[in-house]
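Enquirer: Given next are the chains, with one letter for each unit.
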Amino acid sequence: MKFKLITQISQAMLKARLKQSMVAAFGVTFSITMFISLLSFMAGLNDLLDNLILNRTAHVRLYNEILPSPIQPIAKSTTYIGAYNFVKHVKPKNELLEIRNSEAIISVLKNDPNVRGIAPKTTVPIFYNVGAVNLTGVINGIDVDAENKLFMFQDYVVQGKTIDLKNTPNSIILGIGAAKKMLVQVGDNIQITTSNGRRFPLKVVGFFQSGIEELDKVQSYATLATTQKILGKPASYVTDIQIKLYDMNLAPALAKRYYTLFETEAIDIQTANAQFETGSSVRTLISYAVGITLLIVAGFGIYNILNMMIYEKMDSIAILKAIGFSGKDVNAIFINIALTIGLVGGALGLLFGLGLSALIGEIPFNTASLPTVKTYPINYNLKFYLIGAVFSIITTYLAGYFPSKKASKIDPVDIIRGK
Amino acid sequence: MEKKVIETIGISKSFHDPITVEVLNDISFSINKGEFVSVVGKSGCGKSTLLYILSTMDTNYEGELFLDGVKMNNKKDAELAKVRNEKIGFVFQFHYLLNEFSNLQNVILPGLKFGKLTNKEIEHNAYEKLKILGIEKEALKFPNQLSGGQKQRVAIARALINEPLIIMGDEPTGNLDKKNGDIVFNIFKELAEEFQQSLLIVTHDLDFASKTQRTITMEDGKIISNGS
Numbered sequence: 024m025k026f027k028l029i030t031q032i033s034q035a036m037l038k039a040r041l042k043q044s045m046v047a048a049f050g051v052t053f054s055i056t057m058f059i060s061l062l063s064f065m066a067g068l069n070d071l072l073d074n075l076i077l078n079r080t081a082h083v084r085l086y087n088e089i090l091p092s093p094i095q096p097i098a099k100s101t102t103y104i105g106a107y108n109f110v111k112h113v114k115p116k117n118e119l120l121e122i123r124n125s126e127a128i129i130s131v132l133k134n135d136p137n138v139r140g141i142a143p144k145t146t147v148p149i150f151y152n153v154g155a156v157n158l159t160g161v162i163n164g165i166d167v168d169a170e171n172k173l174f175m176f177q178d179y180v181v182q183g184k185t186i187d188l189k190n191t192p193n194s195i196i197l198g199i200g201a202a203k204k205m206l207v208q209v210g211d212n213i214q215i216t217t218s219n220g221r222r223f224p225l226k227v228v229g230f231f232q233s234g235i236e237e238l239d240k241v242q243s244y245a246t247l248a249t250t251q252k253i254l255g256k257p258a259s260y261v262t263d264i265q266i267k268l269y270d271m272n273l274a275p276a277l278a279k280r281y282y283t284l285f286e287t288e289a290i291d292i293q294t295a296n297a298q299f300e301t302g303s304s305v306r307t308l309i310s311y312a313v314g315i316t317l318l319i320v321a322g323f324g325i326y327n328i329l330n331m332m333i334y335e336k337m338d339s340i341a342i343l344k345a346i347g348f349s350g351k352d353v354n355a356i357f358i359n360i361a362l363t364i365g366l367v368g369g370a371l372g373l374l375f376g377l378g379l380s381a382l383i384g385e386i387p388f389n390t391a392s393l394p395t396v397k398t399y400p401i402n403y404n405l406k407f408y409l410i411g412a413v414f415s416i417i418t419t420y421l422a423g424y425f426p427s428k429k430a431s432k433i434d435p436v437d438i439i440r441g442k
Numbered sequence: 249m250e251k252k253v254i255e256t257i258g259i260s261k262s263f264h265d266p267i268t269v270e271v272l273n274d275i276s277f278s279i280n281k282g283e284f285v286s287v288v289g290k291s292g293c294g295k296s297t298l299l300y301i302l303s304t305m306d307t308n309y310e311g312e313l314f315l316d317g318v319k320m321n322n323k324k325d326a327e328l329a330k331v332r333n334e335k336i337g338f339v340f341q342f343h344y345l346l347n348e349f350s351n352l353q354n355v356i357l358p359g360l361k362f363g364k365l366t367n368k369e370i371e372h373n374a375y376e377k378l379k380i381l382g383i384e385k386e387a388l389k390f391p392n393q394l395s396g397g398q399k400q401r402v403a404i405a406r407a408l409i410n411e412p413l414i415i416m417g418d419e420p421t422g423n424l425d426k427k428n429g430d431i432v433f434n435i436f437k438e439l440a441e442e443f444q445q446s447l448l449i450v451t452h453d454l455d456f457a458s459k460t461q462r463t464i465t466m467e468d469g470k471i472i473s474n475g476s
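These protein sequence lines map, in sequence, to chains A and B. With my numbering applied, the first sequence covers 24 to 442. With my numbering applied, the second sequence covers 249 to 476.
In isolation and in its complexed conformation, chain B is listed as follows (with noise of 0.2 Å):
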């Protein structure tokens, strides 16, 4: 059997403000190593909320939520920081990079929180996968001098600075023409395949969901097919 990377057990979670609206419903599912997974549903089913419980940015709810097989209810704010920092790659719909930093320093900065090699490693590193992702050459501009799809591939380098367990993406082709999102997605297709990097995406793109390993379908807070 293959390592689980996520597992959740039986999450739900509500919203109770102003009227008590449930918008997970008992999901448990979970992905293995070097899995490229998309999870899609209209929008306001609960995929976004329920990628932001998965990421630990969001506490509060009910069930039991893994990842690489420690139990992530109950720590602490600075322990699910340090697990965000070294197990979890974020890319979101917008670029969101600092803009007061370079793009290499915005892929750095990950590396230099984790603290585990030295600057001038680190710095090799981002070269690195700024390389994959064939932006070496923008590594000194700053953020607001790229189009969207190069800022996007900002983001994905800053992602995988620290070799996380999994990528998380929030609609990242969202916000990009066809071009600048196929190439976005032939990124992850590359680094789930060369690299086994698991990756999990959320999207409303079906076209973008039939393409990756496996599809998880969600309506009304519920997941209606898991896609294996």
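Extracted from the complex, chain A is given alone in its bound form (with noise of 0.2 Å):
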């Protein structure tokens, strides 16, 4: 009842003064609407980057790597205990970077709750022959199906189909780099060399495109079964154990407990990209800042207009004061002018906000680097609409606070009598 009142009231301010209001509002609506965009826009231009690096890492990589043995034989044996020994220049053991006994680590991986699924993989160091010359590189032999599920592989390849890598025999998809080095086209044939001396002919069958120049140049993808036989190597040949988890957290947990348990070397995403974390939350910290300053400074917009409001209606306050509103009551009724202002004005500001990030995201943003990215991209959270709905109601009400309390404060004998 008496809130019916007090916001009728208001209304009737709001009305009487509704250019100014509208103004007001408009600011709360711009600073929203561009509080919206920002965000949307740098979650997804965060999102993306993170994507180019995250999607195809795996959460926890077992491999082995070449490094002399921790543990010494003379540290083994009965004769010295307790003496210290000192062994110069160990040089590792002629071990390859096969991981051992790579069957049974994939069984006991796919039964493991924690893990979304595994691709397997065999890195072999090549030289692409072309002509006289030859260009270092890397094939990375893969389980195609897997590394579509798990990696988004499909979506790299620019050129040709990730299926045919499977059904026909001896074939690769070259990076894009390496392709155009070699003027190659897809259905053409190359040769490689390995690091012993064997050469081997392949069908290119399509073109790769990581967005990161270097790695297309040296890269190159064929199934498992090719590049075993590329090595000469039986069928349970794997240098590198991909896993992907359920919850990405949990990947430095085990990758420990992979590491004591497979006796081979296993790395988490965390460690090995450390660098994109800090990236994307700085990143993040920069655009809330500049959506922060916005409403702020619409804020003062609402200051200063509700103050000029209050001068505009010193009568008015009052002659309500005079005929039985207390002080609370007028201050409850500039509150209200206010929220409104901020309700209104954010209100559209949410809507505008939508509409501007819908409308960034049609953009068209075509980069070589960047394959499946045709548009701007857009990150529609519900949170930065959470954030903005709530800022705005906080920096009107505090935008508000001050010019009320002053109203409520003002004494209306001088008004009466100054007349």
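Simulated from the structure, these hints should not be mistaken for laboratory data. Bear in mind that the values here come from a model prediction, so they are computed numbers and not experimental data. Where hints are given, some of them may not hold.
Straight-line distance between alpha carbons at most 25 Å, and here's what the computed SDA-like set of lysine to any residue pairs gives [said to hold, decoys possible]:
#	chain 1	residue 1	chain 2	residue 2
1	A	LYS429	A	LEU362
2	A	LYS432	B	GLN341
3	A	LYS428	B	ALA326
4	B	LYS251	B	ASN321
5	A	LYS351	B	THR307
Some, not all, of what chain A presents toward chain B, calculated at C-beta under 8 Å [unchecked claim]:
#	residue
6	ALA35
7	ASP338
8	SER339
9	ILE342
10	LYS344
11	SER349
12	GLY350
13	LYS351
14	PRO435
15	VAL436
16	ILE439
17	ARG440
Sample of chain B residues at the chain A side, in silico, Cβ under 7 Å [what the hints assert, rightly or not]:
#	residue
18	ASN322
19	ALA326
20	LYS335
21	PRO358
Heads up, the beta-carbon is just placed ideally off N, CA and C, and yes, glycines get one too.
Reassemble the complex: the two chains are provided individually, in unrelated frames, and hints are given to aid placement.
Expert: Written out as structure tokens, the structure reads:
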């Protein structure tokens, strides 16, 4: 009842100064619109950049590295217990990069409830033979289906199809950089040489573009079977096991566990790509800072307009007090005005923000390094809209608070006698 | 003995800026229910100041003020606002209507604030009051569409809406021509005689004052004639 009355009075005052109120509301609308679009765009861009790496990086990667053994035979000897030993010029053992007992490891991992999927891989350093010139390169032997499912491999194949890799024997998908250097087309045959001198012909079935140019000049893909054939190894020969988890945050703990369990090197995504997390959090911080600055500026606009309104409405405030409205009521009336401006402006801002970000999302964005992206990326996260709504109300409330307090303290006698 | 609606005991007030000036000095008087009282005096004699103290809008004074037998000193802002809303009807020299609202809404606003009756009843009462004052046809117009005399009548209707203990007027005819001034005076007179409405009107119009039931004369912050 009383609230209704106060709302009625504040609405009437708003209507009497419709233009001013609209300007104030527009300030809020503008800042919320910009806040939403800026954050959506920034977050979209962040996701894009992160996915550039994260999509194609395993959460945990098992591999072997050629390292000197941490335990030398003498340490195991019982003859010199408690003695120190110094071994100079320790050399690594002539070990293969192969993960030993890979079939058993894979079957254990397949039953692990944390694991979403695994993709075994064999990496072979090779040379691409172009006439008299040899270009260095790496062929990744992959399980095409697992790679498609876990690492969106098909998204990065810009010409040809991944299925051809699986169905054509001795086929290769070349990195687009390497293909350009060699001047080959899809359907051509190329020659490669392995590090121990074996030559091998391969049929090009597609091109691959990762978005990281250095990578595209070097890397190519073939099936696991093809790489095993190139190396002359059995079907169990695997140099990497890439694991995708359901929960990425478990990666460091699981990596440690697999390290001891399988006696291989295990690296988690957080350790391998720490710099990306830092980069995106700083970008997010900057966009929030800009967005909130916009809101605060809009708040000052409301503050000014309310202050002016109070000077104009001195007589009305005095009369309201004379006919029995308390300072609290007058305060409530002006807070109500401020919040109405904030709510209307904020709601419109959310709508326009959605519209503007949708519009940005339609702008063509073609870049050689990002083959799958055709328009600017936008992240339509509900969180931004919630923050925008809450902040528009808080800033307008604060902007209304001080003018309202001033209005509530106006002494009606001063105004009435002043005439 | 008749019931006192207002009683003051030894009210004094001084302004301290820039130098201390005593505007009211030991004012003690009372008004009974149904009395039509005017306060006259030269300008600057403190009659308006006294009225604002009596209306509870000015709380910075010494002495004691009783409204309807209740002491007003040391009451909080919200309590005084309630007293003004329920017990006092105010008519100013300038009409002081809210231009954002229609005349009818101006009249019912204090009623809505009081909240004792339903909106329909308040609206009905407002029409009655406007009818008494002969301006019911102007109800849905806005204040800036009326003449000065009409506006003042709307203001009187607003003062009446909560059936106050007393109506206070600060030069209610001061800004009106002779004809409209007479109309307003006759309304006051009718209210006093027919509805036993207590009225306290501050004026410097001696002609107006002479027609009221009792005239209090002030000079230099003191009451020199109590009129009774």
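Enquirer: I'd like to know which numbered hints this structure contradicts. Please list them from smallest to largest.
Expert: 18 and 20
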